[in-house]
Amino acid sequence: MTGREAADRRRALVCVAPTVLALGALTVYPGVWVLWLSLQHRIPIFDVSRFAGFENYAFLAVDSRFWSAAHTTAVFTLGSVALEVVLGVAAALAIHTQRRGRRLALSLLLLAWAMPAVVAAKLFEWLYHPAAGLINVALGRHAINWLGDPLVALPAVIFADVWRTMPFVAILCYARLLAIPADVYEAAQVDGAGRLATLTRITLPLLGRILLLATLFRTLDALRAFDIMFVLTGGGPAGTTETLTVYAYRALFQTLQLGFGSAVSVVVFLLVMAVAWAYLRLLRAGAVAA
Amino acid sequence: MRTKRRALADIAVVLALAAYAIPFFWQLLTSFKPEAELLRVPPLLPSRLTLSHYTVVITQSLMPQALGNSLGIATLTTVVSLAAGVPAAYAVARLPLPGKRFLLLAIVASTAFPQIATVSPLYLLMRALELRDTWAGLVLVHASFALPLTIWLLAGFVREIPIEAEEAASVDGAGLVALFRWVIVPLLAPGLASTALLTFLFSWNEFLFAYTFTVSEASRTIPVALALFPGVFEVPWGDIAAASMLASLPPVVIVIALQRFLVRGLVAGAVKE
Chain A
3 MTGREAADRR RALVCVAPTV LALGALTVYP GVWVLWLSLQ HRIPIFDVSR FAGFENYAFL
63 AVDSRFWSAA HTTAVFTLGS VALEVVLGVA AALAIHTQRR GRRLALSLLL LAWAMPAVVA
123 AKLFEWLYHP AAGLINVALG RHAINWLGDP LVALPAVIFA DVWRTMPFVA ILCYARLLAI
183 PADVYEAAQV DGAGRLATLT RITLPLLGRI LLLATLFRTL DALRAFDIMF VLTGGGPAGT
243 TETLTVYAYR ALFQTLQLGF GSAVSVVVFL LVMAVAWAYL RLLRAGAVAA
Chain B
12 MRTKRRALAD IAVVLALAAY AIPFFWQLLT SFKPEAELLR VPPLLPSRLT LSHYTVVITQ
72 SLMPQALGNS LGIATLTTVV SLAAGVPAAY AVARLPLPGK RFLLLAIVAS TAFPQIATVS
132 PLYLLMRALE LRDTWAGLVL VHASFALPLT IWLLAGFVRE IPIEAEEAAS VDGAGLVALF
192 RWVIVPLLAP GLASTALLTF LFSWNEFLFA YTFTVSEASR TIPVALALFP GVFEVPWGDI
252 AAASMLASLP PVVIVIALQR FLVRGLVAGA VKE
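In order, the protein sequence lines correspond to chains A and B.
Be aware that the first sequence starts at 3, since it is given in our numbering, and climbs by one per residue.
Be aware that the second sequence starts at 12, since it is given in our numbering, and climbs by one per residue.
Treat the hints as calculated values from the structure; they're not laboratory data.
Since the structure is predicted, the reported quantities are computational estimates derived from the model, not experimental observations.
One or more of the hints may lead you astray.
Claimed, not checked - Computed from the model, here is a short list of chain A residues facing chain B with C-beta under 10 Å:
hint	residue
1	Cys17
2	Pro20
3	Val22
4	Leu23
5	Ala24
6	Thr29
7	Leu106
8	Ala107
9	Leu111
10	Leu112
11	Trp128
12	Ala134
13	Pro169
14	Phe170
15	Ala250
16	Val270
Beta carbons: idealized from backbone N, C-alpha and C, even for Gly.
So here's chain B without its partners, still in its complex pose:
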């Protein structure tokens, strides 16, 4: 009796959360609905499913280029941010860094930095350096914006590495590069994964900078392409739904397949001090 009630309670929680996710599932269903049935609700369920919206989005819109740009920019942002962040986090966590307190304060302060505050000077800077509408421009801006949180998270993970491992390496006379290559990075792997996921998601989802610094399909990312999705005479709800689903593909994969790393990163960011 008791276990039965428990099982029912468990199912109730899952159902409530499934209801919470209805906005997503409704859009998913819409993306497969025939055009003629989109504005005829009820019935909620379509008479048949169609791939036509996906065909339109893939063959006739700029979404494929935007997907490519987003994949490239988010991946490069993650790589650049980790390449700069890992050594910095190590120095902050383990080395006698002059001005460490000041640097930490700067890092914490810049995680609170509103993007709107730097968008106008960065726009002028991008224009002066001719980095507008390039991958490089967005990668630099995204990576520098993600860097404070990256360092914050990684420094916490570095502190969890047993110090003996490093001491053994330095007794062996390992140089800095070898120390990272053979000791720090392998031991940091799960923490790196968590940090990388959050950085990737940040860059994938970021809108304000991407919207301001891009001009054409050469560098427009997914959120920008989606926000600017064209409708000629009326709003193409089915196509927008299909495009939204493509835009949420990596986040969905991360949430389902890499949940453990994601949750670890989220929690570490808040709890470590």
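One chain only, chain A, in its complex shape:
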């Protein structure tokens, strides 16, 4: 190794030292600690603190509230991501056709995305107001109690989440559309392809990879979502919007079961990692396409 190389290595280590320290202390260490916590009974208010092995996990297996939260998480994630992808592609295609006014269009679209989720929750709480909410007024005074009726509360929460996060999918697709060279479309026109054929045979396949990535990010975010349902419904009515994250939070900080709550959050963690791993495999497999 030359002196120059050794010096560069030293420089590199100096450069990453603060990052390694910060991630080590505030991400990796808590990440290991939570595993340890999940193997304990820790209820500070009753002075309970003892090793429990896998008892917390064994309890989860038969805990109906846990399975209900897992089911809600799955419905929320699938519903929210599916709607976002469809609407996001549509919005991207629409903006891409614009000759003028794209900046304004992007501003209107990104407005929703840039809001804090808590603000989005407050906007929708007001829209869903049974008497004075814009949605019920638009529906002609059917006094639907959107956030209080177990049948419609989860769709209402999904809708609010889709509103705030769809623009992310749209922006990624829009950027990909901008990168498609014009001669691709010209060639299609020469070959006599109609609009529909151009969309299904050319545009959508070219969007494939970026859509897969957008879906990955959005699925991970939906699995981790917390603010929107916590503020909008608090997991109610009758627990119908309680996802795993909300259940974990309540166990941790409302009933103060640090061990059990940690076990629920470890499940969320594993779920997220499993999904990320599956998507990355898909991406690798599809690396040739696009």
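With the hints as your guide, set chain B onto chain A.
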């Protein structure tokens, strides 16, 4: 004829997106509506506009303190995250770093990290270090949480810097600090802006950690203050609307005035691999 149809189509797209943003505009209108007319819909438009909800929020609620906390915490988070992220991104992109593959893997894995998974140990850690309800505690947590994405984005932007620029600097015998000060940071400026915006927005919008680690107005951020906005006998919809508008002020400014940097950052995060 053709151009006319095109223009109409353009207007239709803008109108559709304006309709999409109605939840925001409706809240904006609500924030200026007189109290007595809030629950009387229709008519959709109020008889007059009033600033009374803003006056209440600014003089009688904890929102002003929360705004100050959020501004301070989000700004410091951005500064800390960039201060650690720029050198790290440079090392990852350009230097022969031992264990680089492992570090990159750790960075990618931690961008997928759910906050709920570390909130319980971080809570215990904050309590042990007496950092609960302080700016410092939240800044540390936010910055470390934002760091992986920061490095990921910046490493991509560093790779776009022509390598000749750096070589010229190292021939001149510039030290590490001088290299960053005079070469890397100036050339990285647009990328830094994009990254800074995303980090700022993350910290401004973050709720779970802020809600868990804050106890009082000493450190409560805007989303927490908004979630806990008090109503004595009935929900003060007008005041909440005004408070929501204050909470969305920086995001709105960023979307309108700094859109170019924002979009660049968003796209870079997804496309660079």
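Structure versus earlier hints, numbers of those that do not hold, lowest first: none
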